[in-house]
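**Student:** Here is what each chain is made of, one letter per residue.
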Amino acid sequence: MSGGVDPAAALGRVLAGDRNGFEDLYRVYAGPLLSFLATQVRRTEDAEDLVGQVFLEAMRGIDRFEGDAAAFRAWLFRIGRDRATDLGRRQSRRPEEPLEAAGDAPAEQGTEEQALAALERRRVWEAVAALPDAQREVIALRLGSGLSSGEIAEVVGKDVNAIKALQHRALGNLAKTLGKQMPQIPPTSGPSPYPPAVPRRLEG
Amino acid sequence: MTDREGFHDRDTDALDRALDAVVAGDEALLPEASMIRAALRREVPDAVARDHLAAIRSAADPQLASPERSPEPDTTKLSSPERYPDAQRRPAADIVPIDDVRKRRVGRGRRRGAVAVLAAAMLLTFGSGSALAAAAGTKPGDALYGVKRASERIALAMRLSPESKAALHLQLAERRIDEIDALAAEGQDVTDLAADFAASLEAAGEGASSEALGRILERTRAHIAHLNEILNQVPEQAQQGLERAIDNAERQQQRTEERRQQTQDRGKPDAPGRSGDAPGKKNRGR
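Chains P and B are the protein sequences, given in the same order. Each residue of the first sequence is one higher than the one before, starting from 1 at the first, in my numbering. Each residue of the second sequence is one higher than the one before, starting from 1 at the first, in my numbering.
In isolation and in its complexed conformation, chain P is listed as follows:
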């Protein structure tokens, strides 16, 4: 639902005092936030509640915010991460509801193909839920929310190489769990935009 919305322009409006700009920011970031938070809390409804809390908190704290659209996005995700952690202190952090809760369950009148696709998504969801916390968080931010490894580093407060290593290990674990033969990564041209990975023992 973010189609056509320029987050930088929307943020500029909000910072200039036009609170209606929040609507556009919501349209850009609510889906990615929900995608992330749904993997961090036990129940889908908790994730939905948290999305509301994140925007509520951002709306009330925007006067203290300084930065560009990228910083705003990182701020939103950090708020979400903190709130999920708060909630996790009171609950088990593992997402336990499969995709039915998100409305992705096979429809009663759906085709067999749709039902199989939904089952596959459920398998993937369960495999992601079983990942160690740090890997689950990174893979949700990377593939669920669509953040780059550099953006994730800002959100979780880790080095970008640590993020790349975590996503590497997470995808390897998912491949094992799902029994998939991961494809060869096609050769890439040009140098990496990031410095070479520093080998070290990482969390998760």
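Here are the computed distance ranges between Cβ atoms for each label pair:
1. B:Glu-236 - P:Glu-112: 56 to 64 Å
2. B:Asp-26 - P:Val-5: 19 to 27 Å
3. B:Glu-43 - P:Phe-65: 22 to 30 Å
4. P:Ala-70 - B:Ala-28: 25 to 33 Å
5. P:Asp-63 - B:Ala-38: 33 to 41 Å
6. B:Ala-28 - P:Gly-17: 40 to 48 Å
7. B:Glu-218 - P:Leu-15: 49 to 57 Å
8. B:Ala-24 - P:Gly-12: 22 to 30 Å
Calculated from the structure, these hints are not laboratory results. Just so it is clear, CB atoms sit at the ideal spot from N, CA and C, and this is done for glycine as well.
Add chain B to chain P, keeping to what the hints say.
**Tutor:** Just chain B, lined up with the frame of chain P:
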């Protein structure tokens, strides 16, 4: 799968660039990563987003709250003895249709700013689930009851999927039962709560799946049995309201049965007729 065959033997930078391409929409580059992305991605539909935004705005700045969206009972009256002055003299009214209940609620007036501010503050401090829990023990007439109801409305608006909303409506129906218990035990009129209870049950059933409707039915039956059980134990002046609550619940039970049957029929066009218990009034406890 071994490390040599999969992601573990790939350079982390090369993988990172490939994932950038997947996120940008190149699904063919790493189909498995695209599959994971498809499983994890969630969207917020436009219609839901509008409601959600309105609730967030209302919580952030109660002055912007629309009276149509967030009617708030007058907590001064709720706290005053005038709310239930004539419980004994109140005539037995006809069962209030759910649609009328909704219309009546819209006309109850503008929310009280302080209540919404407090509810929003609780949301921010504890999270909506805990905010609800914090005032969970209150009943009409208690100081925090308005906060409880305001936080319930905000929590409802924060729910995005119909399934989540339905689950919360069912929770709220159970809450109304607890309040009915408490008020009836004091001999107070529970007519309004009975209507709220029925409205929550009705809302829980809207758009629910067959499975969810089954759960709602199960809970509704339990509620009816419980209300029948306490009917003879509460003071005389509370019994009319309690009977109304039972009537409403039975009507909702019937509606839910019908909904579930329709849902099942749509799913299985060749299925035989109705399954499940036929609705019917149970023997009252008095």
